[in-house]
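All chains, full assembly: derive it from the sequences and hints.
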Amino acid sequence: IIASNDTGDEAERENQNMCLENKSEMLDKMGIELLALGNISNVIGTYFNINKQLKENDYLIIVGNSLQSIGAFLGVEAALLQMKAIQRIIILGNSLQSLGAGLQAYQGIINVSKNEIENEDSMVDKKNEKIIALIGIWIQAIGTIISAIGLTIIEKEERLEKIKI
Numbered sequence: 001i002i003a004s005n006d007t008g009d010e011a012e013r014e015n016q017n018m019c020l021e022n023k024s025e026m027l028d029k030m031g032i033e034l035l036a037l038g039n040i041s042n043v044i045g046t047y048f049n050i051n052k053q054l055k056e057n058d059y060l061i062i063v064g065n066s067l068q069s070i071g072a073f074l075g076v077e078a079a080l081l082q083m084k085a086i087q088r089i090i091i092l093g094n095s096l097q098s099l100g101a102g103l104q105a106y107q108g109i110i111n112v113s114k115n116e117i118e119n120e121d122s123m124v125d126k127k128n129e130k131i132i133a134l135i136g137i138w139i140q141a142i143g144t145i146i147s148a149i150g151l152t153i154i155e156k157e158e159r160l161e162k163i164k165i
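If you're matching positions, the sequence shown starts at 1 in UniProt numbering and goes up one per residue.
No wet-lab data here; the hints were simulated from the structure. None of the hints are false.
With a straight-line Cα cutoff of 30 Å, these simulated BS3-like cross-link-like pairs (lysine-lysine) come out: (1) 29 x 162; (2) 156 x 84; (3) 162 x 23; (4) 55 x 114; (5) 29 x 156; (6) 29 x 164; (7) 52 x 130; (8) 23 x 156; (9) 164 x 23; (10) 55 x 130; (11) 114 x 130; (12) 23 x 84; (13) 84 x 162; (14) 52 x 114; (15) 84 x 164; (16) 84 x 29.
Printed below as a string of structure tokens:
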């Protein structure tokens, strides 16, 4: 009777591990898709802003940065579900990407709000807004590099494991 209980517990743990792995993969895929959609939205908004500066184009950029922030955060969630030590690098990278994209979205919202209410200090405000965006861009870029390093290490480990088998 005791042996059958252990087997049941083991099967239950294996089932839970598979569920966590499936959830992690799903979150990772959703995160990647949101990052891609955010990039597309940014490209479209930026392209149209080159031709004519419109508030609608700024909204596209804000939505794009927001989607990137959410997508990167889902990558953090996916990595947290996997208990490998190397995942901590990806968690750090995705967290930085999420923070950077969030700062860029925040800066975009400020830009749109400021354009509606112009004041005499607008030159100083615009410099501050550019600093926020610049910081966000660099944080996001550093996070992307860190995530890429983590993913590269994981890919190498998986290839080595396949060779051993």
